[in-house]
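J.: Sequence:
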Amino acid sequence: MDITNIIQNGVISAVQSLYGGEVGPEKVNVSITRPDFEGNYTVVVFPFTGIARKKPEVIGAEIGAYLVKEITEVESFNVIKGFLNLVVSEDFWRNFLQEIYQKENFGKHPSSGEKVMVEFSSPNTNKPLHLGHIRNILLGWSTAKIMEAAGHEVIKVQVVNDRGIAICKSMLAWQLFGENATPESTGSKSDHFVGDFYVRFEQAFQEEYREWQKNDEAQKIFKANKKEEQGPDAFFKAFKDTYFNEFSKLGAEARAMLIRWENGEEATLALWRKMNNWVYEGFAQTYEQLGVSFDKNYYESNTYLLGKDMTEIGLEKGVFYRKEDGSIWANLEDVKLDHKTILRSDGTSLYITQDLGTAHLRYKDFGFNRMVYVVADEQNYHFKVLFEVLKKLGEPYAHGLHHLAYGMVDLPTGKMKSREGTVVDADDLMAEVIAEAQENSKERDTTSDLAPEKQQEIIRKIGLAALKFFIIKVNPKKRMTFDPKESVDLKGQTGPYVQNAYVRIKSVLRKGMTPDPELARQYGPLEDLEKELLGQLYEFPGLILTAAEDFDPSVIANFCYALAKNYHRFYHDYSILSADTEAAKHFRIMLSTAIANALKNGMELLGIEMPERM
RNA sequence: GGCUCCGUAGCUUAAUUGGAUAGAGCACCUGACUACGGAUCAGGAGGUUAAAGGUUCGAGUCCUUUCGGAGUCACCA
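In this note's numbering, the protein residues as written are 201 to 814.
A couple of the hints might just be wrong.
[As the list claims (entries may be wrong)] Okay, derived cross-link-like pairs now, SDA-like style, lysine to any residue, Cα gap no bigger than 20 Å in a straight line:
#1 K765 - E812
#2 K564 - D546
#3 K731 - R294
#4 K691 - T681
#5 K440 - A452
#6 K765 - L743
#7 K523 - D546
#8 K592 - K711
#9 K678 - H602
#10 K711 - D649
#11 K508 - K564
#12 K474 - G387
#13 K706 - Y774
#14 K706 - A779
To be clear, the hints were calculated from the coordinates, so they are not data collected in a lab.
Given these sequences and hints, build the entire structure.
T.: What follows is the structure, given as structure tokens:
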């Protein structure tokens with residue numbers, strides 16, 4: 201049993217036998233003792249004052265004495281104000297270390313029998329991936345890893361948004377301005393190649409729009425429709441979508457292309473396939489560099505018509521209703537949401553229709569118990585609606601759905617805006633952090649005896665660790681500021697800092713020997729810092745469950761950092777291989793081994809690889 | 001405007017879910033190896049947790065109000 205549970209139960213029976221009262225486990229708060237006080241675990245005694253009718257200090261002393269007497273793991277105690285600090289016996293720590301030091305899968309849990317699907321990334325195919333996708337992908341990937349470590353079977357999927365007006369813009373621009381260029385002929389990365397044509401379309405469109413604004417028709421519309429005090433710039437900015445849909449020649453051509461696509465015209469489909477394949481080739485490189493993969497890709501071109509049959513079922517069940525114009529709606533007022541359109545009056549599907557159908561399809565494909573959507577929090581409302589509708593439809597998985605809503609990524613200069621060219625490209629970003637790691641490595645010259653490819657692999661691991669850790673250490677729910685300058689930092693609270701702790705241990709272990717557990721058992725008394733390190737290790741398996749329940753990888757990042765920090769201190773303050781006694785030496789080798797293991801496993805959950813040297 | 005979320009040191013952030021003197025990192029200043037890797041360690045300075053009230057043994061955390069910011073409120077995705 202877990203030590204905190206042992207203490208908790210001990211306190212419950214202490215209260216009962218000392219004061220004759222019942223307390224529930226929720227009233228017994230067992231936490232880790234803050235480092236500036238003596239002890240390992242702390243019980244807050246304030247909640248018992250009502251039952252005991254004594255001063256907190258007295259209650260603490262009485263319960264403390266009871267625990268020391270009744271529980272072998274509790275060695276001694278002290279009471280400060282209403283806080284009962286318990287010292288756990290050294291044998292408990294020694295036994296714990298024996299148990300885990302060579303457990304390679306330390307922290308991971310046995311199978312839960314649950315199947316969880318995680319959807320993340322889900323890019324559009326008209327543009328390369330950017331910083332926003334990176335946060336999404338890192339969260340999705342690590343959430344999947346954490347779910348696995350918590351014992352669940354995990355299926356990683358993405359929905360590729362490969363159809364629609366956006367890709368048609370890229371296609372049209374390529375037709376108009378491409379002159380049969382290819383990624384090979386221009387030497388550009390193929391998803392960037394396609395993205396450049398999307399930009400090219402926007403430029404041409406803006407140019408056309410500016411010209412149009414000068415003509416009489418445009419001026420007439422401006423004068424007739426402008427709001428008071430509204431200048432031409434503000435008006436035409438707001439009018440842009442209307443212009444695209446009703447006046448623009450380029451807009452009309454792009455929409456015509458979308459219609460040809462929907463009608464299955466072969467020439468259009470061929471162009472569409474060609475450009476999407478370029479994009480996939482580029483995405484594959486980016487995903488590989490990031491170190492992520494998927495078990496299955498869903499393509500919007502296959503799923504965009506799904507969900508219509510579900511509207512029929514919804515109508516039969518009375519979950520949906522049909523308006524006079526033929527559109528289909530869901531009334532969600534009973535769950536404090538609005539009325540929501542499920543199908544257009546012309547019978548075509550909407551985003552929500554597709555998502556209903558896709559959820560259903562995926563359940564048929566995999567039969568999961570739970571499903572996590574990693575999508576930015578700007579879509580909170582959409583997912584609330586989606587989940588409520590699926591519940592009303594009685595889908596069997598509907599109560600296992602979760603929207604991992606993460607905050608958007610800002611730059612120090614403000615929001616990323618593609619129009620203003622402030623979007624940080626994913627490939628560029630990775631190249632930058634790796635280049636920075638390269639620079640630092642040159643100065644250090646610690647791996648120059650290795651083959652160049654090995655050195656390069658280490659540098660890649662370091663650079664990506666910096667980037668990934670920087671993003672993932674922040675609580676997903678929070679909007680975060682991404683400072684490119686800080687993201688390449690290799691010192692302080694960073695990925696490389698954690699890697700360095702691991703590398704130091706590996707270096708020691710290479711010089712050391714296989715430890716003898718019997719000899720290590722004779723070591724004592726343990727240093728406070730050693731107990732603290734063991735206490736941290738002890739928390740690791742539970743933290744994985746917490747991270748899984750809360751869908752929060754930052755918990756693991758913070759754990760890795762805190763453990764690495766304490767280990768760096770330990771490494772600095774105490775000798776390992778030249779410790780005073782053989783027992784201490786063997787004990788510390790075992791402790792270091794266990795810590796290296798935990799760091800490696802923890803960082804793996806974040807998608808961060810550990811180098812053996814750096 | 002309605003609803004939702006957020007506001008912690010100059011900057012980036014944490015706080016065991018209501019617990020002790022609000023922890024870290026960056027930047028700034030001062031120190032530490034002929035020591036197992038200095039991508040390290042120790043120290044200094046930096047805070048009225050946006051503001052005001054309330055709840056209680058105890059509030060960054062819960063409630064109310066105000067201020068500031070973001071998101072959303074489509075037969076878009």
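J.: Please work out if K765 and L743 have their alpha carbons no farther apart than 20 Å.
T.: 18 Å, holds
J.: Do the alpha carbons of K706 and Y774 lie within 20 Å of each other, as the hint requires?
T.: With Cα atoms ~17 Å apart, K706 and Y774 stay inside 20 Å; holds.
J.: Next pair to validate is K711 with D649; report whether the Cα-Cα distance is within 20 Å.
T.: Given pair K711, D649 holds - Cα atoms ~18 Å apart, limit 20 Å.
J.: Taking only the CA atoms, is the gap from K508 to K564 under or equal to 20 Å?
T.: 16 Å, holds
J.: Quick one, are K523 and D546 close enough, alpha carbons at most 20 Å?
T.: 12 Å, holds
J.: Is the Cα-Cα distance between K765 and E812 20 Å or less?
T.: 18 Å, holds
J.: For K691 and T681, compute the direct alpha-carbon distance and say whether it is at most 20 Å.
T.: Holds - the C-alpha atoms of T681 and K691 are around 19 Å apart, at most 20 Å.
J.: Holds or violated: are the alpha carbons of K440 and A452 at most 20 Å from each other?
T.: 14 Å, holds
J.: Are K564 and D546 close enough, with their CA atoms no more than 20 Å apart?
T.: 28 Å, violated
J.: Need the status of pair K678, H602: alpha-carbon distance at most 20 Å?
T.: The given pair, whose Cα atoms are some 17 Å apart, holds under the 20 Å limit.
J.: Starting from K474, check that the Cα of G387 is at most 20 Å away, please.
T.: 17 Å, holds
J.: K592 and K711: Cα distance at most 20 Å?
T.: 63 Å, violated
Of the numbered hints given earlier, the model fails hints 2 and 8; all others are met.
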